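Participant: Now for the letters of each chain:
2 protein chains.
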Amino acid sequence: AQGNGGARGRRGRAGPCRAGAQLSVPRQGTRDHPPAQVALRDRLVGTVVACFKRHGAAAIDTPVLELRETLMGKYGDNSKLIYELQDQGGELLALRYDLTVPFARYLAMNKITNIKRYHIAKVYRRDNPATTRGRYREFYQCDFDIAGQFDPMLPDAECVKIVHEILSDLQLGDFLIKVNDRRILNGVLAVCGIPESKFITTCSTIDKLDKVPWEDVKNEMVGEKGLSPEAADRIGEYVQLHGGLDLIEQLLQDPKLSQNKLAKEGLGDMKLLFEYLTLFGITGKISFDLSLARGLDYYTGVIYEAVLLQQQNDHVEDPVSVGSVAGGGRYDGLVGMFDPKGRKVPCVGVSIGIERIFSILEQRVEASEEKIRTTETQVLVASAQKKLLEERLKLISELWDAGIKAEILYKKNPKLLNQLQYCEDTGIPLVAIVGEQELKDGVVKLRVVATREEVNIRRENLIEEIRMRTSQL
Amino acid sequence: AQGNGGARGRRGRAGPCRAGAQLSVPRQGTRDHPPAQVALRDRLVGTVVACFKRHGAAAIDTPVLELRETLMGKYGDNSKLIYELQDQGGELLALRYDLTVPFARYLAMNKITNIKRYHIAKVYRRDNPATTRGRYREFYQCDFDIAGQFDPMLPDAECVKIVHEILSDLQLGDFLIKVNDRRILNGVLAVCGIPESKFITTCSTIDKLDKVPWEDVKNEMVGEKGLSPEAADRIGEYVQLHGGLDLIEQLLQDPKLSQNKLAKEGLGDMKLLFEYLTLFGITGKISFDLSLARGLDYYTGVIYEAVLLQQQNDHVEDPVSVGSVAGGGRYDGLVGMFDPKGRKVPCVGVSIGIERIFSILEQRVEASEEKIRTTETQVLVASAQKKLLEERLKLISELWDAGIKAEILYKKNPKLLNQLQYCEDTGIPLVAIVGEQELKDGVVKLRVVATREEVNIRRENLIEEIRMRTSQL
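Residue numbers (my numbering), protein chains in the order written: chain A, 27 to 499; chain B, 27 to 499.
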């Protein structure tokens, strides 16, 4: 065997079990990706990027290294998870924690007031990773954002449409996109008599409503967050609601909520969002859910989160709990934090959870026993007898120069059986066999690996024949 | 304007001139890449990856974070350039310095004895970057390597072929690939009476022969490296030689060199390499050059380096001095350094200098005033009158769902002129215009931006028409 066979099937999972004395990688939270994983991830990223490009996004790239001061004060409590470089004199540097803060820094620094961009790259968190749940210290983020001052909810609706398209394209099964608005949530808390100082901590409790029953949420509000049982109950009446346009209309008529300026703005925009999503024909998978809060401080308007719905006939034996697979929202204040004059650039964006989606796809591939090819080789140039290395090299050189993906075994006199076996192992569909008789006749024997069919092709027609046969595969 | 216009033309070069008080990125050696740069780099990387895949390579991915101990002792004096993370208890981590050492660590750790892989990713060096010369602290490396025990020079010849293909495909102008062998170089030094302890330091002086005349090289050997003038002259007789098969034959007959076991092995392999490169038809751009030494300690056999030749009719006014644009060689000992039992895995590889090549391409684009599109949008969905937002949203949704790359302006009632201007600015070739009359007639007006030609297309044929017209572009 040669080539990539050795790496196939190896998982590259981090863990002490694999690391020998001189062989260790960082044991917690980073990992190598062998060819089969990279091939699968490239397929996933290809689908996502195709969607981003379909929506007119450009790509930018920012450094992994940022000034420490750029990152500080942007992630609340999570700032302790920022990886810092050793102080070696000069500027204090850190590894980026996400792609959003560098994006905002980039916009402010370059005075860019509108852009539609995507960025897929690694970010770093000094987390204590629960590797079984698919959390790592180094992982990919995959962001699409629209920055600029535009008419209300048009970019926001496009972000939700993008989530819908990507989850549909990836065929991950049934899903639901929950939407809410920070202003509605704040309005609810205000009309329920919660002081503004408790908004954020109360929201983080509300956010648990998708995992635990209302009684537990209420207990936390009263027991840990110091809300009165009555206030908690008033909140409960709102945050257990979910629905569509009808619910929006109902809340717009709500005697208390309709008096709150923020809530009214939020509800008005939510109505507009639903109208646009109706035109896109995707409201069937959208739920206006008043319990959706999302963790990040910097959201200022609409927020959304996509969750996969449990499959009834899931053929995967041991399904991982994957939680949300995409999320985002509007953050109109972040860019201003980096501008000396505080000039704001409204932004809305979405982050596709490609690490989680990758785990699902990987599990699915394993369950289906689909063999992922790690190379794209179309043809192996083989020889039927000894002493034909020169002929193999001449032929493969012609093929490479014609753009055909081709390999040879790196042996002077390989056995035909070994050459055919290599094709079986690595999924190469065709074999171009040179032999003494073929050379005399000016032909090459083309063998189809799957069917074992063999046909003599005139040398001058070989390239065209390979192209034709591999375009059908 | 909306979309990506704001970023076009900005260079993202690091430098104090751009960085404001709250706006600073690491001032030395890192940089943002705006859309136009990413688009150009994607084009470059696409060409390189296509070649790697044509040769049957798989992709792997290793972490940016490596254990400090993995990197130490692999880069000689350059180890001081390794970026270390802050000690936060637990393992000491560092940012990878190149892709080769992590590759060797990966092979040893996973007991992989053969693989053909490529890896394109960022590496980190705590260098004092001369940004004008295109050196940064964070930059891309682009490596292709073949690991495994194979018949002599077959993978080595393929690596040289790959360099030839890539430089040809990129149309960078005339180039030369210098080849040599560490064993020949060591044999030359041995037969010239140089003690082994001075091999490495003498090699680093020899390596300068492509930039300075022999007299300067000799002076350094004698003045700084402590060689006798006679020994230096004996070396000079060899290292000023360059040629092809004839030179190899001549040296194989050389009374002194042919007595040296290492040199003889190296010359034998060099002869084989030239025979294979002759079969590939590329010896016209190959030069066996005895002054080529290359810096890295870990090379054990054949080494090569590609340089661009100065263009006579270069239309670029201020050509950068780019030095070598690709290089590599055989390193049979590196993997064994990571194996507890020291098991060796022979490796040969090549690194394409994509940062340098990128600088050349960028300069060329600037000189040619070619406008690089940063997006791939095929059609803008526009309206001729007010109050047609709903119709625009319905139409663009249909286009997206059919896989057409489409945008709208994020305004309720944009002026037609502004919509057309947006297409001019961003290079969108087609406009699908909905108007009241068109809606009545069941058609969409398709406008070709370049020619201003307008034609009514029946709504049900629009997608096919857009596909047809954009496949021709």
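Worth flagging that the hints you see were computed from the coordinates, not collected in a lab. It cannot be assumed that every hint is accurate.
No distinction is drawn between identical chains; accordingly, a pair holds when it is met within one copy or between any pair of copies.
[Claimed, not checked] Calculated lysine-lysine pairs in the BS3-like style (CA-CA distance at most 27 Å, straight line):
| hint | residue 1 | residue 2 |
| --- | --- | --- |
| 1 | Lys297 | Lys420 |
| 2 | Lys441 | Lys224 |
| 3 | Lys244 | Lys148 |
| 4 | Lys438 | Lys79 |
| 5 | Lys79 | Lys148 |
| 6 | Lys251 | Lys437 |
For clarity, every value in this text was computed on a predicted model and none was experimentally measured.
Participant: Indicate, hint by hint, whether the structure satisfies it.
Facilitator: Each hint tested on the structure:
1. Lys297 <-> Lys420: This pair counts as between: shortest inter-copy Cα distance 17 Å, intra-copy 68 Å.
2. Lys441 <-> Lys224: neither (75 Å within a copy, 46 Å between copies)
3. Lys244 <-> Lys148: neither (38 Å within a copy, 48 Å between copies)
4. Lys438 <-> Lys79: For Lys438 and Lys79, only the inter-copy Cα distance (23 Å) is at most 27 Å; the intra-copy one is 47 Å.
5. Lys79 <-> Lys148: Close inside one copy (20 Å) and across copies (24 Å); limit 27 Å.
6. Lys251 <-> Lys437: neither (72 Å within a copy, 43 Å between copies)
Checked against the numbered hints above, the structure breaks hints 2, 3 and 6 and satisfies the rest.
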